[in-house]
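Since the structure of chain A is already known, use the hints to place chain B on it.
Protein sequences appear in the order of chains A and B. In this text, residue positions in the first sequence follow the working numbering: the first is 22, and each later residue adds one. In this text, residue positions in the second sequence follow the working numbering: the first is 22, and each later residue adds one.
Treat the hints loosely; a few may be bogus.
The list makes no distinction among identical chains, and a pair is therefore deemed to hold if it is satisfied within one copy or across any two copies.
Stated by the list, open to error - Subject to a maximum C-alpha distance of 25 angstroms in a straight line, what follows is the list of computed SDA-like cross-link-like pairs (lysine to any residue):
id, residue 1, residue 2
1, Lys431, Phe57
2, Lys461, Asp428
3, Lys97, Val354
4, Lys60, His31
Derived by calculation from the structure, the hints in this document are not laboratory data.
Number of protein chains: 2
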Amino acid sequence: MTLDNMFNPHSVAVVGASSGTLNPATIIFLNNLVSFGYKGKIYPINPNVEEVGGMKTYPSILDVPGPVDHVISGIKASMVPDLLRQCIAKGAHTLHLYTAGFAETGEGDRCNLQQEIVDMAKNSGVRILGPNCMGIYSPKVGLSFCPDFPKDMGKVGFISQSGSYSLVVVRGASARGVRFSKMVSYGNACDIDECDLLEYLGNDPETEIIAAYIEGTRDGLRLRKVLTEAASRKPVIIIKKGHTEAGRRGASSHTGALAGDDQTWDAIIKQAGAIRVEDFEELIDVLTTFQFFKLPKGRKTVVIGIGGGPSVRSADDCERAGLVLHHIPDEMVQELRKTAPFAGSMLRNPVDVGAYHVEWSRVIDVLAAWPECDLFLWQITPDIEPFPDEGMYRQWCMDRRAMFIEDFVKSGKPTAVVVHMVERREAMDILHVTRELCIKHGVPFYSSVYSAARAIVKFIDYHNR
Amino acid sequence: MTLDNMFNPHSVAVVGASSGTLNPATIIFLNNLVSFGYKGKIYPINPNVEEVGGMKTYPSILDVPGPVDHVISGIKASMVPDLLRQCIAKGAHTLHLYTAGFAETGEGDRCNLQQEIVDMAKNSGVRILGPNCMGIYSPKVGLSFCPDFPKDMGKVGFISQSGSYSLVVVRGASARGVRFSKMVSYGNACDIDECDLLEYLGNDPETEIIAAYIEGTRDGLRLRKVLTEAASRKPVIIIKKGHTEAGRRGASSHTGALAGDDQTWDAIIKQAGAIRVEDFEELIDVLTTFQFFKLPKGRKTVVIGIGGGPSVRSADDCERAGLVLHHIPDEMVQELRKTAPFAGSMLRNPVDVGAYHVEWSRVIDVLAAWPECDLFLWQITPDIEPFPDEGMYRQWCMDRRAMFIEDFVKSGKPTAVVVHMVERREAMDILHVTRELCIKHGVPFYSSVYSAARAIVKFIDYHNR
Numbered sequence: 022m023t024l025d026n027m028f029n030p031h032s033v034a035v036v037g038a039s040s041g042t043l044n045p046a047t048i049i050f051l052n053n054l055v056s057f058g059y060k061g062k063i064y065p066i067n068p069n070v071e072e073v074g075g076m077k078t079y080p081s082i083l084d085v086p087g088p089v090d091h092v093i094s095g096i097k098a099s100m101v102p103d104l105l106r107q108c109i110a111k112g113a114h115t116l117h118l119y120t121a122g123f124a125e126t127g128e129g130d131r132c133n134l135q136q137e138i139v140d141m142a143k144n145s146g147v148r149i150l151g152p153n154c155m156g157i158y159s160p161k162v163g164l165s166f167c168p169d170f171p172k173d174m175g176k177v178g179f180i181s182q183s184g185s186y187s188l189v190v191v192r193g194a195s196a197r198g199v200r201f202s203k204m205v206s207y208g209n210a211c212d213i214d215e216c217d218l219l220e221y222l223g224n225d226p227e228t229e230i231i232a233a234y235i236e237g238t239r240d241g242l243r244l245r246k247v248l249t250e251a252a253s254r255k256p257v258i259i260i261k262k263g264h265t266e267a268g269r270r271g272a273s274s275h276t277g278a279l280a281g282d283d284q285t286w287d288a289i290i291k292q293a294g295a296i297r298v299e300d301f302e303e304l305i306d307v308l309t310t311f312q313f314f315k316l317p318k319g320r321k322t323v324v325i326g327i328g329g330g331p332s333v334r335s336a337d338d339c340e341r342a343g344l345v346l347h348h349i350p351d352e353m354v355q356e357l358r359k360t361a362p363f364a365g366s367m368l369r370n371p372v373d374v375g376a377y378h379v380e381w382s383r384v385i386d387v388l389a390a391w392p393e394c395d396l397f398l399w400q401i402t403p404d405i406e407p408f409p410d411e412g413m414y415r416q417w418c419m420d421r422r423a424m425f426i427e428d429f430v431k432s433g434k435p436t437a438v439v440v441h442m443v444e445r446r447e448a449m450d451i452l453h454v455t456r457e458l459c460i461k462h463g464v465p466f467y468s469s470v471y472s473a474a475r476a477i478v479k480f481i482d483y484h485n486r
Numbered sequence: 022m023t024l025d026n027m028f029n030p031h032s033v034a035v036v037g038a039s040s041g042t043l044n045p046a047t048i049i050f051l052n053n054l055v056s057f058g059y060k061g062k063i064y065p066i067n068p069n070v071e072e073v074g075g076m077k078t079y080p081s082i083l084d085v086p087g088p089v090d091h092v093i094s095g096i097k098a099s100m101v102p103d104l105l106r107q108c109i110a111k112g113a114h115t116l117h118l119y120t121a122g123f124a125e126t127g128e129g130d131r132c133n134l135q136q137e138i139v140d141m142a143k144n145s146g147v148r149i150l151g152p153n154c155m156g157i158y159s160p161k162v163g164l165s166f167c168p169d170f171p172k173d174m175g176k177v178g179f180i181s182q183s184g185s186y187s188l189v190v191v192r193g194a195s196a197r198g199v200r201f202s203k204m205v206s207y208g209n210a211c212d213i214d215e216c217d218l219l220e221y222l223g224n225d226p227e228t229e230i231i232a233a234y235i236e237g238t239r240d241g242l243r244l245r246k247v248l249t250e251a252a253s254r255k256p257v258i259i260i261k262k263g264h265t266e267a268g269r270r271g272a273s274s275h276t277g278a279l280a281g282d283d284q285t286w287d288a289i290i291k292q293a294g295a296i297r298v299e300d301f302e303e304l305i306d307v308l309t310t311f312q313f314f315k316l317p318k319g320r321k322t323v324v325i326g327i328g329g330g331p332s333v334r335s336a337d338d339c340e341r342a343g344l345v346l347h348h349i350p351d352e353m354v355q356e357l358r359k360t361a362p363f364a365g366s367m368l369r370n371p372v373d374v375g376a377y378h379v380e381w382s383r384v385i386d387v388l389a390a391w392p393e394c395d396l397f398l399w400q401i402t403p404d405i406e407p408f409p410d411e412g413m414y415r416q417w418c419m420d421r422r423a424m425f426i427e428d429f430v431k432s433g434k435p436t437a438v439v440v441h442m443v444e445r446r447e448a449m450d451i452l453h454v455t456r457e458l459c460i461k462h463g464v465p466f467y468s469s470v471y472s473a474a475r476a477i478v479k480f481i482d483y484h485n486r
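Only chain A is shown next, with the shape it has when bound in the complex (with noise of 0.2 angstroms):
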């Protein structure tokens, strides 16, 4: 319920909001709840200011005239006791602290700080989210700390221990045309934890996926509890970091975390059914997949790209990741040297039938009709074209893209497309088109045929469980 409300607050207050011009209240916060068009009720508090970009504040929460839901604290460690004590009076639901400077510190009096303010939030109606996090997302009511997120929602709930991380997996995935039904960077933790969060969104109907990222936790029974609970309803997917000493370290130093056996953290997410991804690439490779990707029969796998070196290695990487290549018969060859050119072309899958005088659509038909294809890869490597004659060969190699993606889609077989990672700064916008014209078609397209694969598999995987 006081989770719901942190989701879909009726009024803000944002506390510490100035016009100074690295102020964090406000760039991150305020300015953002503008421009999102957020539909409730937005009120700046700072003592020292009678406006902040053409809006009254307010000395204090007591000061606001109505009801205030959520209250977003970007002022000093030392002033939130003070703080929490005026939401507790106001009747506030929940007091996400962006303020850092508590337990991740390491240091005893901040420490004790931390644990000051949960005893004090403890039975009072307030909930605190953080310390030291960058709050919520929730593209519904308009909330949102980032200017560039999308403002539409979708299905994927998500959650991240570091603030850098939902920016990086909200931006990244959106790239690809996931959208989110709600996104939490939740920090340190100390009071609404991970678990409330996971329990949480397994109950929430607007969910559909669940995403975490987590560095600890304090009740691993009850984490394998709603996980368990959580994974039995909807497909989560989890990042854990701190494989390593030194990753351990730096999770207790980043959010205080207690990031526990590598172990024990695997057996937990591989009992509860839930996915266990290594980090923050491969969750937006799976997330795609579970958006976008349909459900292929099997695992045999057709690829087909430009260029020999790259097929090559395209066949170690699927086979790697566990998806199966079958030797293109004789018989079939035969039938695919009538539409591409004798001289250059690979016909035995990998397929590289090569950029010019091919009628891929027939290619394409007859690898489709081959009981030994469930799915297709194609694997476009924008380092290695267009090379001679930017203008003119450009265009025509982004218009026969655009005719291959309909022809993937007209086969009816499930299509991953891989769009290599770019050096160059001229390959960067052939890889972006490219992007654009498979999140119009709704294809998942990846960085690596290895990821691609990867999450591929997971995606079967859970579906035959």
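Relative to chain A, chain B alone:
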């Protein structure tokens, strides 16, 4: 002697050039000879046209008035025996067959055709490069098959059995500031093979670092010998693909190569003292390291960067790759506290001192003076920045970044910069501006902490042997 001439020919004939829109002999070879300012004589050969691109054409090699050193063939495979006969009669040194459709097809008559030209060339004075390859990039004389390869030369010699890899590696490494002495894409290797080329580069005074992408060999014993000799003189870095059955099949249908057993390859490479890398991304990382990184005293690394999550991850990634992160002692933490804001800082290594209000130069001074700091790794994640106010904030970020790089250079400690790959189109520009700053200062950069650490460890291992 012949190979030296192949990389430095006094005259080049391009056979099959015409003004057709997608004529590869013209757009890949002839046009690039002109645009690169090739220093020798250029002879387009075509019996059906009078001129191409304003240059007079000759009906055949035999009609060229002066001597012809290097011949590039863009004509059909069936016409190659005749062309080879003319090359022999003319006294050409090398025939580069861009032409494909030989043994890589796996078809009997095409394998025979390849054998026919090999037999004909034997002891004829003409060496064959290819077939099925892109040929030579030799910046010193202005020979190139790609318009955006660098025009200036460097110290890396690279041989690639794959044309795609030749493009991806030269473009990718160039984008990081690496430059090449010579590069050759050698395809089916029917005559000039990896052994000839490695032997040549091993003795080439213009080449200080050798790189190779190899799909297979016909002469394991000789390969072992030339590799050992070359690696005794200079670093030799090798991509050998085809780990899996599908990969080996791919290699065979790509260049007709016998991929061989992976463990045997591994042993040959190790015993020779060469460095095996996984793929082109790692090759580019290692080349960048050998070209720009200063040899550190040891593996003790200090990681600096913004963002808690990425910092935790970087600790994991460094240790996984073999670098060592020591815990910053309490006294030093207290010293660092004077230079950075208390809240939100991580001061234990990884170090995250946030973006604002930091005396960065002093932070670096303090860390550089620490005996447990052999090298710096600075990680930058453009997808977590700049988030408020693209315009002003971004300029501020870039100005600070320029200052910070200077601080690292001044510290005297070997420094690697990691600019994480980005998903957002808007962040690409930040990535590139940062990379250009690094190139300007001769500081190597990488696209992930793991890949940086892995390359640095291989570099240290090489020098410790």
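Status of each hint after checking the structure:
In this assembly of identical chains, the alpha carbons of lysine 431 and phenylalanine 57 never lie at most 25 angstroms apart, being 38 angstroms within a copy and 44 angstroms across copies at closest. For the identical chains of this complex, lysine 461 and aspartate 428 are intra-copy neighbours only, at 14 angstroms inside a copy versus 45 angstroms across copies, given an alpha-carbon limit of 25 angstroms. Taking the closest pair of Cα atoms, lysine 97 and valine 354 come within 25 angstroms of each other only across two copies (21 angstroms); inside a single copy the shortest separation is 70 angstroms, beyond that limit. Taking the closest pair of Cα atoms, lysine 60 and histidine 31 come within 25 angstroms of each other only inside a single copy of the chain (8 angstroms); across copies the shortest separation is 74 angstroms, beyond that limit.
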